[in-house]
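> Residue strings, one per chain:
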Amino acid sequence: MNKFLMSGNSIIGEAAIRAGCRFYAGYPITPQNELTEYMAEHMRNAEGGIFIQSESEIAAINMIAGASVAGARVMTSSSGPGISLKQEGISSMAACELPGVIVNIMRGGPGLGNIRPSQGDYFQATRGGGHGDYRTIVFGPATCQELADLTMDAFDLADKYRTPVMILADGMMGQMMEPVVFKKPKPRQYSNDFILRGAGEGKSKFIHGLILDAIDMEEHNWKLARKYGVITENETRHEEHKIDDADLTIVAYGTAARIAKGAIKRLREHNRKVGLFRPITLWPFPELQLRALSQKIKNFLVFEMSTGQMLEDVRLALQGYATVWFHGRPGGAVPTPAELANVVARYYDKKD
Amino acid sequence: MTKTIFKRPKSLKENIFHYCPGCGHSIAHRLIAEIIDEMEIRGVTIGVPPAGCAVLAYNYFDVDMIEAPHGRGPAMASGIKRVLLDRFVFSYQGDGDLAAIGIAESFHAANRGENITVIFINNAVYGMTGGQMAPTTMLEQRTTTTPSGRHKILDGYPVKVCELLSNLKGVTYAQRCSVTSPLNINKTKKAIRKAFQCQRDKLGFSLVEILSPCPTNWKMNPIESCKWIDNVMSKEFPLGVFKDNTAPAHKEAEAV
Numbered sequence: 377m378n379k380f381l382m383s384g385n386s387i388i389g390e391a392a393i394r395a396g397c398r399f400y401a402g403y404p405i406t407p408q409n410e411l412t413e414y415m416a417e418h419m420r421n422a423e424g425g426i427f428i429q430s431e432s433e434i435a436a437i438n439m440i441a442g443a444s445v446a447g448a449r450v451m452t453s454s455s456g457p458g459i460s461l462k463q464e465g466i467s468s469m470a471a472c473e474l475p476g477v478i479v480n481i482m483r484g485g486p487g488l489g490n491i492r493p494s495q496g497d498y499f500q501a502t503r504g505g506g507h508g509d510y511r512t513i514v515f516g517p518a519t520c521q522e523l524a525d526l527t528m529d530a531f532d533l534a535d536k537y538r539t540p541v542m543i544l545a546d547g548m549m550g551q552m553m554e555p556v557v558f559k560k561p562k563p564r565q566y567s568n569d570f571i572l573r574g575a576g577e578g579k580s581k582f583i584h585g586l587i588l589d590a591i592d593m594e595e596h597n598w599k600l601a602r603k604y605g606v607i608t609e610n611e612t613r614h615e616e617h618k619i620d621d622a623d624l625t626i627v628a629y630g631t632a633a634r635i636a637k638g639a640i641k642r643l644r645e646h647n648r649k650v651g652l653f654r655p656i657t658l659w660p661f662p663e664l665q666l667r668a669l670s671q672k673i674k675n676f677l678v679f680e681m682s683t684g685q686m687l688e689d690v691r692l693a694l695q696g697y698a699t700v701w702f703h704g705r706p707g708g709a710v711p712t713p714a715e716l717a718n719v720v721a722r723y724y725d726k727k728d
Numbered sequence: 023m024t025k026t027i028f029k030r031p032k033s034l035k036e037n038i039f040h041y042c043p044g045c046g047h048s049i050a051h052r053l054i055a056e057i058i059d060e061m062e063i064r065g066v067t068i069g070v071p072p073a074g075c076a077v078l079a080y081n082y083f084d085v086d087m088i089e090a091p092h093g094r095g096p097a098m099a100s101g102i103k104r105v106l107l108d109r110f111v112f113s114y115q116g117d118g119d120l121a122a123i124g125i126a127e128s129f130h131a132a133n134r135g136e137n138i139t140v141i142f143i144n145n146a147v148y149g150m151t152g153g154q155m156a157p158t159t160m161l162e163q164r165t166t167t168t169p170s171g172r173h174k175i176l177d178g179y180p181v182k183v184c185e186l187l188s189n190l191k192g193v194t195y196a197q198r199c200s201v202t203s204p205l206n207i208n209k210t211k212k213a214i215r216k217a218f219q220c221q222r223d224k225l226g227f228s229l230v231e232i233l234s235p236c237p238t239n240w241k242m243n244p245i246e247s248c249k250w251i252d253n254v255m256s257k258e259f260p261l262g263v264f265k266d267n268t269a270p271a272h273k274e275a276e277a278v
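Quick mapping for you: the protein sequence lines, in order, are chains A and B.
The numbering used here puts the first sequence at residues 377 to 728.
The numbering used here puts the second sequence at residues 23 to 278.
Just chain A, same shape as in the assembly:
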């Protein structure tokens, strides 16, 4: 297999095209511009590839919704403020059960914030984000290789469950370069029944999220909820790193998990047995897997580049069975592994 040295943003674009994405719409925003530019450059070389620079993130999400219902594999990308604008459309795609991939290369927030790497959009991503009772599958890649693999998987899951899937990375992941191997994409499996191409001689179809009857709308909500239940059962992913002998486990995802691995190396050099639990799917959160760990490990430290968002999911998962500490650096501040190692060492030394 050939290895490619590429930046994270370009890797997402290349993986998407290889996965059969043939419609991309997006609006410039830092730190994800290289992805939009990659799609502009390379979509035209892909057979049937369509690129539109939209007038807004709102237009972009609705363009991909249209292209999705017309049968294309679709993607859009943005960063924090632009993702906020897309929420109306993401909610609508979830309601209409339209597949599509949305990439959020997170930056510091709230508001315009800054363009530094951050993880402040965890709540928005994992709680649905827009209005109404829905969820999106959320991947939190931590390496460029994972950006490639999970982007391809995102398209498959979007089709399989007919739901929007989000890649939640940050400015660090988007900008860094690492060698990657692109795996062979699976052939697309998506029924024509869900595609609008004109009724032909047959019965016309309509797709809508407006369901005025309360009981019908309730049933649609339960139908979505059952789907989310199946996703939770089958698609939850996580990584355990140096867990076996650990007395304390860091819980971190994405860039924060990379920093945590560096910190763990330092901590272990000083005989502090620290491991890492890294959610790969942020929704569904690997709740049961984390809870199972609390049978043998009683000390957890959540590390995020935020004021503590995934922290709530960790607490819910552990249900008081273990001690949960937190260290966070919000607003675009990125701590070094040495800083994190110092913080963790303090907690490690005062644990029971």
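These are computed hints drawn from the structure, not numbers from a lab.
Each hint should be verified, as a subset may be incorrect.
[Stated by the list, open to error] Derived coverage of chain A by chain B (criterion: at least 3 residues anywhere in the stretch with Cβ under 8 Å from a Cβ of chain B; other residues may be distant):
#, segment
1, 421-435
2, 446-454
3, 465-473
4, 580-587
[Claimed, not checked] Calculated cross-link-like contacts (lysine-lysine; reagent style PhoX-like; alpha-carbon spacing at most 20 Å):
#, chain 1, residue 1, chain 2, residue 2
5, B, Lys174, B, Lys249
6, A, Lys672, A, Lys649
7, B, Lys29, B, Lys212
8, A, Lys562, A, Lys536
9, B, Lys182, B, Lys257
10, A, Lys581, B, Lys32
11, A, Lys579, B, Lys35
12, A, Lys579, B, Lys174
13, A, Lys674, A, Lys727
14, A, Lys379, A, Lys559
15, B, Lys29, A, Lys581
16, B, Lys209, B, Lys257
Virtual Cβ for every residue (Gly too), placed ideally from N, Cα, C.
Use these hints to put chain B onto chain A, whose structure you have.
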């Protein structure tokens, strides 16, 4: 021997319209369905209904449809059309949908010269939500959010969509019509045919604005409503062709 001279278009389902008596939506629906029948494009047409009174248009049109979020019809239609170049794609939008919340999507779909047709129902009011001010509400017109009449200093001026969009090079065809009389209805039907033909010829963006009565929210009877369009509304929004680049001389398509 009997001969059928008037029947329900095949592209309209049997459902009874939920629209109020005297509302222009039902006439507009029928005209679009007649054109779809006459051009024999029922099986290759995809419609995008809006949020607003026409949100239930998919209960009436017997063509494939997907409902767009409020104002986003032209963006969604752009996505559909770019993937399905040989299909007919139209969005159906009200004045709030097109000229307020969706002005950006409409403006830029028009500016890109997307090869789609926009049917724009202008009734100078937000119908479904109960008669609030629309971007096309007339000055001095009373609505539930302009109880003493639309005031130019406080509320701005009526937005003239045909005038605005016909300035864009991407727009091939733009006409404003009304449905207040058999004559005007026939003109509107011709305009809709021309718009769909423009799409068939891959000439780019086509827009048909229809001044349409809303007796319920105007608090008039249907006949008064039609007269108000003829005597008042069409002074502010003059009927006519604002742009027509569909002639052979212009047929170097700007469309995708």
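> Which of the listed hints are not met by the structure?
5, 12 and 15
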